[in-house]
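At position 103 of the sequence shown (counting the first as 1) the number is 103 in full-length UniProt numbering, and the numbers step up by one without a gap.
FYI, nobody ran anything at the bench for these hints, they're computed from the structure. Don't take each hint at face value.
[Claimed, not checked] Here are the simulated DSBU-like pairs of lysine-lysine, each with C-alpha atoms no more than 35 Å apart in a straight line: (1) 109 to 124; (2) 124 to 91; (3) 132 to 164; (4) 297 to 196; (5) 125 to 91; (6) 132 to 109; (7) 85 to 125; (8) 191 to 164; (9) 73 to 85; (10) 91 to 73; (11) 40 to 58; (12) 297 to 132; (13) 58 to 85; (14) 297 to 191; (15) 109 to 91; (16) 73 to 40; (17) 191 to 132.
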Amino acid sequence: MQEYNELVTTDACNTYLEKADKNIQSVASTFSGTAFPTGKLKVGMQCMRTDDNNNIYKLTSVSPVTWELVPSKSYVDNAVSTGVKSVVNFKGATPTAAGAAGLVPTPAKGTQTDYYLSADGTWKKVQQRTIKEVIDIVHPVGSIWETTTTDDPNVLWPGTTWVKMDAGRVLVSAGTYTENGTTYTYNLGDKGGEAKHQITIEEMTNHTHTTYGAGDHRHFIANTDNNNTTGRLNGGTHLIYKYTKNSYENFELMGSNLDSNIGLTSTNGNHTHSISATGGNQPHENRPPYMVINRWKRTA
Numbered sequence: 001m002q003e004y005n006e007l008v009t010t011d012a013c014n015t016y017l018e019k020a021d022k023n024i025q026s027v028a029s030t031f032s033g034t035a036f037p038t039g040k041l042k043v044g045m046q047c048m049r050t051d052d053n054n055n056i057y058k059l060t061s062v063s064p065v066t067w068e069l070v071p072s073k074s075y076v077d078n079a080v081s082t083g084v085k086s087v088v089n090f091k092g093a094t095p096t097a098a099g100a101a102g103l104v105p106t107p108a109k110g111t112q113t114d115y116y117l118s119a120d121g122t123w124k125k126v127q128q129r130t131i132k133e134v135i136d137i138v139h140p141v142g143s144i145w146e147t148t149t150t151d152d153p154n155v156l157w158p159g160t161t162w163v164k165m166d167a168g169r170v171l172v173s174a175g176t177y178t179e180n181g182t183t184y185t186y187n188l189g190d191k192g193g194e195a196k197h198q199i200t201i202e203e204m205t206n207h208t209h210t211t212y213g214a215g216d217h218r219h220f221i222a223n224t225d226n227n228n229t230t231g232r233l234n235g236g237t238h239l240i241y242k243y244t245k246n247s248y249e250n251f252e253l254m255g256s257n258l259d260s261n262i263g264l265t266s267t268n269g270n271h272t273h274s275i276s277a278t279g280g281n282q283p284h285e286n287r288p289p290y291m292v293i294n295r296w297k298r299t300a
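Given the sequences, and given the hints that come with them, work out the whole structure.
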């Protein structure tokens with residue numbers, strides 16, 4: 001096998017490079033044919049494949065046997081020529097057809113920034129929006145903006161108008177829903193509820209009160225005419241039935257110095273019962289656990 005020094009890339013060599021390359025291929029190859037040799041292999045030997053455009057392969061390993069292509073000028077030129085011919089220009093998409101990959105259109109002078117290649121195959125300038133235009137998209141009029149800071153959206157986003165919403169209120173979605181058999185309706189903009197609530201009698205839970213038993217007393221049997229209350233009954237005192245008149249029974253008192261005509265008792269029986277009061281008569285807390293924030297509503 002013969003070896004040759006690398007060719008110097010002078011103008012003369014460049015002119016006759018292809019011819020010299022063919023001559024070198026004819027003498028530098030250890031073998032030529034339509035197949036690689038299989039016997040007496042040595043790393044570095046070469047084989048020109050006549051069935052593969054006379055390309056030369058070099059043996060780089062015998063275990064395993066490995067032949068690697070040695071690129072020649074003609075091979076490279078052919079590959080480049082074939083590759084260039086296969087390259088097409090980028091084709092933009094249309095409403096009815098897909099685009100095609102390829103070389104992008106040449107951008108014009110001065111379009112090095114703020115331009116992008118559109119899917120239709122043309123360069124377009126990036127649309128720049130003002131802060132207000134962005135806010136109009138993100139927070140249109142009627143939107144609510146909440147923050148844990150003291151920032152004022154009127155200052156943050158000039159050209160927009162915001163007002164602070166009522167303090168101490170939670171938000172409820174508009175609509176109708178039913179809970180525990182009761183239907184509730186919330187119309188947009190309605191306000192309701194209270195931070196603290198004074199309970200009413202109707203809202204009070206059913207309950208009972210205990211009274212004191214004071215009120216023991218006695219009555220005297222007295223004459224209805226003179227209302228004598230000085231007499232006392234003794235052990236022999238007793239009543240005798242006399243007669244019945246108009247559904248009333250008449251009795252006579254026997255064995256007593258009191259008038260024998262009886263029918264009334266003294267009115268000594270007035271008394272009262274007391275029920276002790278409890279509770280502070282104060283409204284109860286009606287708010288859920290909360291954290292305070294700033295809430296703004298955009299009006300213009």
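Checked hints:
1. 109 to 124: holds, 13 Å
2. 124 to 91: holds, 15 Å
3. 132 to 164: holds, 19 Å
4. 297 to 196: Holds, because 26 Å separates the two Cα atoms, which is no more than 35 Å.
5. 125 to 91: holds, 19 Å
6. 132 to 109: With a Cα-Cα distance of about 31 Å, the restraint between residue 132 and residue 109 holds, given a limit of 35 Å.
7. 85 to 125: holds, 32 Å
8. 191 to 164: Holds: residue 191 and residue 164 sit about 16 Å apart, inside 35 Å.
9. 73 to 85: holds, 18 Å
10. 91 to 73: OK: residue 91 and residue 73 at ~33 Å, within 35 Å.
11. 40 to 58: holds, 14 Å
12. 297 to 132: Distance ~16 Å between residue 297 and residue 132 Cα, so the pair holds.
13. 58 to 85: Holds, at roughly 29 Å.
14. 297 to 191: Satisfied, since the Cα-Cα distance of roughly 16 Å is no more than 35 Å.
15. 109 to 91: holds, 21 Å
16. 73 to 40: Roughly 29 Å between the alpha carbons, so the hint for residue 73 and residue 40 holds.
17. 191 to 132: holds, 31 Å
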